[in-house]
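Everything in the sequence shown is counted per this note's numbering, starting at 5 for the first residue and increasing by one.
Label pairs and their calculated CB-CB ranges:
#1 Gly242 x Arg576: 52 to 60 Å
#2 Trp32 x Asp302: 46 to 54 Å
#3 Met797 x Leu526: 31 to 39 Å
#4 Ser743 x Thr250: 12 to 20 Å
#5 Lys418 x Ser46: 43 to 51 Å
#6 Ser46 x Ala500: 48 to 56 Å
Bear in mind the hints are in silico, worked out from the structure with no lab data behind them. Even glycine gets a Cβ: it sits at the ideal position worked out from N, Cα and C.
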Amino acid sequence: MWHITKWALRSRLVTILLALAVAGASLWAFMGIKVELMPDISLPYTTVVTVYPQATPDAVVRDVTTPIERFVWDEWADKGLKHLTSTSSEGMSVIMAEFEYGTDMTAVGESLSEGISKITFPQAVTNFAAMMGANANNPQIIPINMNIMPMISLSLSGDLPPDQLKQIADSQIVPLLSQIDGVLRVDTEGGEKDYIVISPNPAKMTQYGITISQIAGILSAGYSSLSDIEQISLGINGIKLSDIATVSLSPSPSSAITRTNGKPSVGISVVKTESANTVETANAINEKIAGLQGTLGDGVSISTVFDQSDFIDTSISQLEEKAVVGGILAVLVVFFFLWAVRASLIAAISIPLSIFFGFLCMSLFGITLNILTLSAMTIAVGRLIDDSIVIIEVIYRRLRAGESFKEAAIGGAKEVATPITTATLATVAIFAPLMFVGGIVGEMFIPFALTVTFAMMASLIVALTLIPALSKWLVGSKQKAVITKDNWYQKIYVKALKWTLGHRLAVVATAVLLLIGSTGLLPMAGTSFMSGSFGEETISINISLPATSDVNATSALTAKVEALLGANPAVRSYSATIGTSATSMAGIMSASQGGGGANTATIIVYLNSDADLQTELSNITLASHGINTDGVIQVSSGSGDSMGGSISSSSINLSIQGQNQEEIAAITAQLLEMLKGVSGLEELKSDLTTVVPVLNIAVDPAKVATSGLSPSQLAQMQQEFVLLMNGGALPGVSIALDSGSYPVYFKGIADSLSDAEQAKNLKIGFPVAVTLNDIATVGIVAVPSHVSHTDTMLSATITGIITDANVGAVNMAVQAQVDALPPHPGVEVVTAGIAEQMGDTFIQMGIAILVAIAIVFLIVILMMRSIRNPLLIMLSIPLAFIGSMLALVITGYTLGVSALMGLLMLVGIVLTNAIVLVSMVEQQRKRGLSVKDALIEGGKIRLRPIVMTALTTILAMIPMALSVSSGTMLSAELAVVVIGGMISSTFLTLFVIPAVYSMVYRGK
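Just need the whole structure built from these sequences, with the hints factored in.
Laid out in structure tokens, this is it:
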């Protein structure tokens, strides 16, 4: 490799000009790199969402979910389908298909579109698509990717009714934002028009013999007020509507209410295209929003609730700052050891040039600038200068010895070119096994690995070409020979090394004991999946009332929580969604997890920048306990970017599967109770714990035959059956009040019935009415609010939040409880979620580390043309494990994915010092020195570059290791592992490697 240096010195001016040209091209490429929160990750998930208005969960399963599931399973079960889960709730079906990584998701989407188009759905399903517009689909196929969540969430509020706010949003804001380059779609939520809601009293209806059809038949088109409607005469003994029902003007039970900072609002969510630059698109949106202010009318304003670009800008700025500080510290190390300003400046040049070249390669390969790739650059800063340090040090030493510049440069290159090339190739080669690590980890860290590889290869080229060329001008060639003496640290090291060579067995035994002892630190450190989050840290408040509660009751409870937030000075803003929207992504995701409904609400809380998340989490939790309610208020930390939050979250997910719902329910209840004793596990819940009373009406043909009803009269009663059982809007009926025109909604009566006998005595039909029991079998049954399937089987899910940092220990405790269940034939408990991902990832990363060690070993063998010395060099790898585990325990980090990535990086990084040391010892032996003398002389010569390169790597990573912000914690964990490993490996390499070397080559 030294021939490259010889070529670069032939025309130093050409070398420098080429470097400047590459730097200029790199800067130009950097300006055009797309800035994102996360890498462009291809997730093998897709969802099929179907709205089936006012259908019961059982009807949704029968008419929608099962036909779609059957097609997907038959078509893809043996072609990459991993899991198929579904949730069928009132009026909605959400099916999620998970495939193996590497599956062609475009082909999946096309197959689903074609197959679903051939399924015959109920008329209500196809009609819903027509109601939503010409381009709407129902069912709707939604691929899951990192761009599915909104990049910006806006709130439109003002002194207008919600439906008028929605009209402004739909007519003025949505069309304007949709025209911006990079915007895929703009969704609105809330602002539903109020309904005239009629809530019948079953007891009063039975007492007076009133039917739903009778009430519907006497409603006219125009009234002045609700009071006029309440005074409508039903034509029986002066009975008025208010005698048998309550009348209100409120949202329908199936709609969603949105509020921002406690005020009625319409939520506006902007989703970008996959290729759009988040920061640039967000800036364009914000410019449009600023222009809209003041044009929307008096009292109407639009505000930003969440802007992903703000978090990206902040995180990237922090990483850039840490990279600069780390680079400065690395240069100061060079200056401290060489005590030469010009030499330090030469070494410093390698950092920006390597980074610039890395940006150029990122641009050519289509890699985005995001938290992970910029973290890779920041972490690599200390290592980028290492090759240049070794070259500078050897040239500097030779010049001080009296050699000419050309002799020093070429001779120095001959001396160190092979070892630094070997070390650099080993450092980048360790990333090759990542290509075979599947799952989300492989998708995330391959861009990370490529970024480090680009920068590292650039640093090697710079060290072998530009650094020697610049050394002529900055160091000069007229250097008088200086008789060098051992400095203070060399003298200390030589004494220690001589003692080591005299006590080889003791030194090696100590190292082995330290290695064995470090494995005992693993239980103390614990294991986890991913640290930190990939979005702005938020507080999420989930509210749920009994299943029979309506949206008004939920809204009232939510308002009490909002009042607490409004009085908290640490809260910047908060947005509430009461009920579940069938059109928003948040509503769909909630429904897919068994949540949502008129009895639920979610509040997302955004804190001021100086607020402490954990403190406010405790404060809000404590304050919410003071609210008197029969519902549940759960407060937890979250992420403004839901997809990113889900990646880094720590939770359990147990799927209980079988064919019999009662058996599944029994095992689920038993396991849920057992898990309550697991320490570090909170917010345990099961999707079977919510049941709702359902009025079940089964028409009996034999009874109908004796009732005297004609088939046409029976057909007219079908709508009344639906209204009695489920409630719903009266088709085509609208009532004009002085305040506007409103549709009419009848609330179902199932939750108001005292018993089945009361239901049997209800009258049905108009003008001819019969008792319900005369024509049908009537009953009230309690059923789950939704039906879940996993891989086409009935299932239930137990979820919980892991609050202990040692996620692995909690997962083991959970599995122990699962194993302790009594025999349950026909019911299977399957571990999913974080536990499944951790298990797969740790196995894959473990294999990757072993393969990386094998690759590095082969590279060192090829470069050194020996087997014995490469085996000695490989001893530095386990020595790094000692410091890494100790660093995790001291800092409180756990062994997670980023820590494993740090261990993988150490496989390549720590070899540099051992390679440089052993190579010099071999050179000294070729000069005729004995093994002992060669070890002492080689160690003394290589001490300075070894310590310099180790310190530059360590100090450059310290700013990253000290980071506590959510966007950089993933990198902080990695940096801690590398720092600890470098410290132990460097120190022990200087003594253990010579001790083992002298034992292997004893007698020579």
